[in-house]
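Novice: Residue numbers (the numbering used here), protein chains in the order written: chain U, 1 to 319; chain R, 320 to 567; chain B, 568 to 860.
Simulated from the structure, these hints should not be mistaken for lab results.
Backbone N, C-alpha and C define an ideal beta-carbon position, used for all residues, glycine too.
Don't take every hint at face value.
What the hints assert, rightly or not - Only pairs whose alpha carbons sit at most 27 Å apart, straight line, appear in this in silico BS3-like list of lysine-lysine:
#, chain 1, residue 1, chain 2, residue 2
1, R, 417, B, 659
2, R, 417, U, 309
3, B, 659, U, 309
Unchecked claim - Covered by chain B, according to a simulated footprint, are these stretches of chain U (three or more residues, beta-carbon under 8 Å):
#, segment
4, 97-111
5, 126-133
6, 245-258
7, 286-297
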Amino acid sequence: MNRNGILFWIGATLFLAAALLMTQVIGNQYPFFAGYVILQFVVLAVAWSILGGYAGYVNFGTSAFFGVGVYTAVFLAKAFGAPLAVQIATAAAIGALMGFVLGLLTLRMQGIFFSIATIAATIVIETTVTNWRYVGGAAGIQLQRPMVTAPFDNYVQMLFFVQALLVVLAVAISRYIQNSWIGHGLKALRDDELAAECTGVPTLRLKLVACVISGALMCAAGAPAAMYLQYADPSSAFNLNYSVSVLAMSLIGGTAHWAGPIIGAILLGATQQLLTVTISSEVNVLVLGVMLVLFVVAAPQGIIGLIRKVRRHRSEGEA
Amino acid sequence: MMPPENQPPLLRISALTKRFGGFVALDNVSVEIRPGERFGLIGPNGSGKTTLINCISGAFRTEAGTVVFRDEDITQLPPHLRTRRGIARSFQIPRPFKSMTVAENLMVALDFAVVTDQHASAAQRRDTMMSILTRMGLASKANVPATRLSQVELRKMELARAMATHPKLLISDEAMAGLSSSEVDEVLDLLMSLADQDITIIMIEHIMQAVMRFSQRVMCLETGRIIAIGSPAEVMANQRVQEAYLGT
Amino acid sequence: MFSFDLLLDAVAIGVLLGCFYAAVSLGLSLSFGLLDVPHVAHPAFLVMASYGVYFLNENYGIDPLLAGLLITPLLFVFGLVAYRIYYETFEKRGSDAGVRGIAFFFGVAFIIEVLLILQFGVDQRSVTASYIGKAWRIGDMRIPFRLLVAFAVAAALTILLTLYLSRTFMGRAIRAVAQDQEALRLMGANPIRIKQWAFGIATAVLGIAGALLIIVAPVEPTLDRSYIGRTFCVVVMAGLGSMAGTLVAAIILGVAETIVLTLFGASWAPAVSFGMLLAVLAVRPQGLFGRRS
Numbered sequence: 001m002n003r004n005g006i007l008f009w010i011g012a013t014l015f016l017a018a019a020l021l022m023t024q025v026i027g028n029q030y031p032f033f034a035g036y037v038i039l040q041f042v043v044l045a046v047a048w049s050i051l052g053g054y055a056g057y058v059n060f061g062t063s064a065f066f067g068v069g070v071y072t073a074v075f076l077a078k079a080f081g082a083p084l085a086v087q088i089a090t091a092a093a094i095g096a097l098m099g100f101v102l103g104l105l106t107l108r109m110q111g112i113f114f115s116i117a118t119i120a121a122t123i124v125i126e127t128t129v130t131n132w133r134y135v136g137g138a139a140g141i142q143l144q145r146p147m148v149t150a151p152f153d154n155y156v157q158m159l160f161f162v163q164a165l166l167v168v169l170a171v172a173i174s175r176y177i178q179n180s181w182i183g184h185g186l187k188a189l190r191d192d193e194l195a196a197e198c199t200g201v202p203t204l205r206l207k208l209v210a211c212v213i214s215g216a217l218m219c220a221a222g223a224p225a226a227m228y229l230q231y232a233d234p235s236s237a238f239n240l241n242y243s244v245s246v247l248a249m250s251l252i253g254g255t256a257h258w259a260g261p262i263i264g265a266i267l268l269g270a271t272q273q274l275l276t277v278t279i280s281s282e283v284n285v286l287v288l289g290v291m292l293v294l295f296v297v298a299a300p301q302g303i304i305g306l307i308r309k310v311r312r313h314r315s316e317g318e319a
Numbered sequence: 320m321m322p323p324e325n326q327p328p329l330l331r332i333s334a335l336t337k338r339f340g341g342f343v344a345l346d347n348v349s350v351e352i353r354p355g356e357r358f359g360l361i362g363p364n365g366s367g368k369t370t371l372i373n374c375i376s377g378a379f380r381t382e383a384g385t386v387v388f389r390d391e392d393i394t395q396l397p398p399h400l401r402t403r404r405g406i407a408r409s410f411q412i413p414r415p416f417k418s419m420t421v422a423e424n425l426m427v428a429l430d431f432a433v434v435t436d437q438h439a440s441a442a443q444r445r446d447t448m449m450s451i452l453t454r455m456g457l458a459s460k461a462n463v464p465a466t467r468l469s470q471v472e473l474r475k476m477e478l479a480r481a482m483a484t485h486p487k488l489l490i491s492d493e494a495m496a497g498l499s500s501s502e503v504d505e506v507l508d509l510l511m512s513l514a515d516q517d518i519t520i521i522m523i524e525h526i527m528q529a530v531m532r533f534s535q536r537v538m539c540l541e542t543g544r545i546i547a548i549g550s551p552a553e554v555m556a557n558q559r560v561q562e563a564y565l566g567t
Numbered sequence: 568m569f570s571f572d573l574l575l576d577a578v579a580i581g582v583l584l585g586c587f588y589a590a591v592s593l594g595l596s597l598s599f600g601l602l603d604v605p606h607v608a609h610p611a612f613l614v615m616a617s618y619g620v621y622f623l624n625e626n627y628g629i630d631p632l633l634a635g636l637l638i639t640p641l642l643f644v645f646g647l648v649a650y651r652i653y654y655e656t657f658e659k660r661g662s663d664a665g666v667r668g669i670a671f672f673f674g675v676a677f678i679i680e681v682l683l684i685l686q687f688g689v690d691q692r693s694v695t696a697s698y699i700g701k702a703w704r705i706g707d708m709r710i711p712f713r714l715l716v717a718f719a720v721a722a723a724l725t726i727l728l729t730l731y732l733s734r735t736f737m738g739r740a741i742r743a744v745a746q747d748q749e750a751l752r753l754m755g756a757n758p759i760r761i762k763q764w765a766f767g768i769a770t771a772v773l774g775i776a777g778a779l780l781i782i783v784a785p786v787e788p789t790l791d792r793s794y795i796g797r798t799f800c801v802v803v804m805a806g807l808g809s810m811a812g813t814l815v816a817a818i819i820l821g822v823a824e825t826i827v828l829t830l831f832g833a834s835w836a837p838a839v840s841f842g843m844l845l846a847v848l849a850v851r852p853q854g855l856f857g858r859r860s
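Just chain U, with the same shape it has in the complex (with noise of 0.2 Å):
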């Protein structure tokens, strides 16, 4: 393992440890409940950029994986009993095969189309999982949390760590396909695939890698949440907010390196907290649309891209 990896586990590990030590530590709820929520972000965004940053595709299904995450959590919950564990496997799994079918679907659609396209399934997947009675239909479900599990003393704080894991999990997966071939093959189909095709590049086949993988984080955040909220309803379930806001996330912090959709989704995640809770849910969707708007038109490398430009400038200035 070279330096940079090194650096980059023990700051995983030191990370993991600061979010043990708080459930351990800190008596206040209120932390993990906002803090669960930025982490979830984090997951979902750095997830979305491994399709929708490394390989250019604009994936607008988001709230379809999470929706998806929630509800096999809901059922296996009402069904089995099963525990949290199982709730986030099997919804990984279920996640993987959905993005497998997304990675079909870039076969025969690009740009706007398939963005269009993932839009579209998120609505059908919606309207299927409105009308499944088991799970409560429209009026959505009330959901029971189990006994809590030492070291943890509550529910939420159990979460948090889980979200935790998965925020590590993500983001050293995005991390070694930004750096191996798998990441120079999707920039290359990213910039132009048929050219890349035609070097060589098996470009199916690194789609729907990025697809799956992609997918399957994504529904894997989502499971927990059934538990979180105790509650699930398709309307919330699969809000159009979760794809648009992951999207913003990703494209504020800039899709060119792994760390960029992490810096969107810590900073929109927190403002977003901040505002529901001193404003109004409102004046966030607003907050949303214009920090969308405005990074796209005035810094459309997103934050990775200002500092790498300011950067860019310093060294010229010295040489």
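We have chain U already, so just place chains R and B on it with the hints.
Specialist: Just chains R and B now, with coordinates in the frame of chain U:
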């Protein structure tokens, strides 16, 4: 010097047909390309030249007919597997990887297309890349973003990227379109030097002088059919070619 | 439970509904179909126009259709400005406009939604006019007047736009710009101006379309979300940029929606447009009456 005729063909296209809706772009085209040959492909706009190339490189699926390359039927193979078997191409309108530098453009080819020296170290592959760039006269541009290249440099980079896949057959699709006459000579010399290294080349070109100077054999397409094939002089003298292509 | 009469009813209502869908999709057929602008904010513009009509109707008692006509020039200018911003920030810079273009319009749609909520609240709003609420009876069939109004206006709008695109100089220029910008530039025309004009028209049409939207049913600020699927479905199914195709595709959608509604209930209705859209995209991306090969 003409390659010997008794050798098995490098590429054998048999009864190839390609339709777009009701429009027949290629109509029962059969041709054999010999190893080491310099082959010119001409024809008026819309005659099916680029379609034929797309069928050879795998960008299009064909309705009927077969493409056999080095005794292997590749008709059903996707483009990247054809590239790995040794078919490389350039594009009529250059298609660089825009977010990458010239060097990175070539590294895509070296990372993905070259099967034989998969275990070559990163340093070795970088050397290969630099030697190709040097041969193409692009060594000084290695770290320049592809978007900053001039037209002729883009054409050369496309050829360099194709070369980096270690092809047996290189298809050049109007690599000289839009270039000045001195630049045309430059690219033509490049292609000639590649042909000397045992690479078979199919060249599509509108600039007649270039095709005639370059090719050992020339084929002329019109509305998806072969109307003439033979030595440059023969094809030029063919009356149908003159009617169809030169519009006289 | 299910009878032939019921089906006939559904088809009749579906055709009228379809004409209404055509009216709200025509603008998108221009902006997305002909100009390739990924205009996902089109339905948000539409809902915004409806609120304009509501405002005039509520405060000054102006007939909704007349109100729609009154705000048309405003919308036209709004469209010109919107395209200019889009062009300067995306098309001019060239690469990657698609991805960020969609994001841009989604952002705009969200901003419009929230501004409408802040101004008018989250409640449903409707307009009053003499023809709203009455119905026309043929035997057992009951056809609401408001759908008939929508039908008549939509048909007129489709014919007018088709004539505009085929008979006037500017209309032909718009169709030319969709096919070959370079050729147009060589002829001395400025393709950007023409596209800007076309986008203006596409937005102006929303005055009447917005009036129809609020005549047919009450509106709320987030109504645009369910129209993203409907309008894009119609335009993609129509084959990008065909006005007559838009009408036919919209009628197919209208009939399909009403039949599903009758057979399976309202909860399945949202899946119809999106399901059809998905099927069309997967099977025949160039649309049923496509202009592209």
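Novice: For each hint, tell me whether it holds in the structure or not.
Specialist: Now the hints, each set against the structure:
The straight-line distance between the Cα atoms of residue 417 (chain R) and residue 659 (chain B) is roughly 17 Å, inside the 27 Å bound, and the hint therefore holds. As the CA atoms of residue 417 (chain R) and residue 309 (chain U) are separated by approximately 18 Å, the hinted pair is consistent with the 27 Å bound. Simply put, residue 659 (chain B) and residue 309 (chain U) have alpha-carbon atoms about 21 Å apart, close enough for the 27 Å limit, and the pair holds. Coverage of the segment 97-111 of chain U by chain B holds [criterion: at least 3 residues with CB-CB distance below 8 Å; count 4].
Note: the segment 126-133 of chain U has 5 residues with beta-carbon separation from chain B under 8 Å; the three-residue rule is met and the coverage holds. Counting residues of the segment 245-258 of chain U whose beta carbon lies closer than 8 Å to any beta carbon of chain B gives 3, which reaches the threshold of three, so the coverage claim holds. A stretch counts as covered by a chain when three or more of its residues have a beta carbon under 8 Å from one of that chain; for the segment 286-297 of chain U and chain B the count is 9, and the coverage holds.
In this structure, every one of the numbered hints holds.
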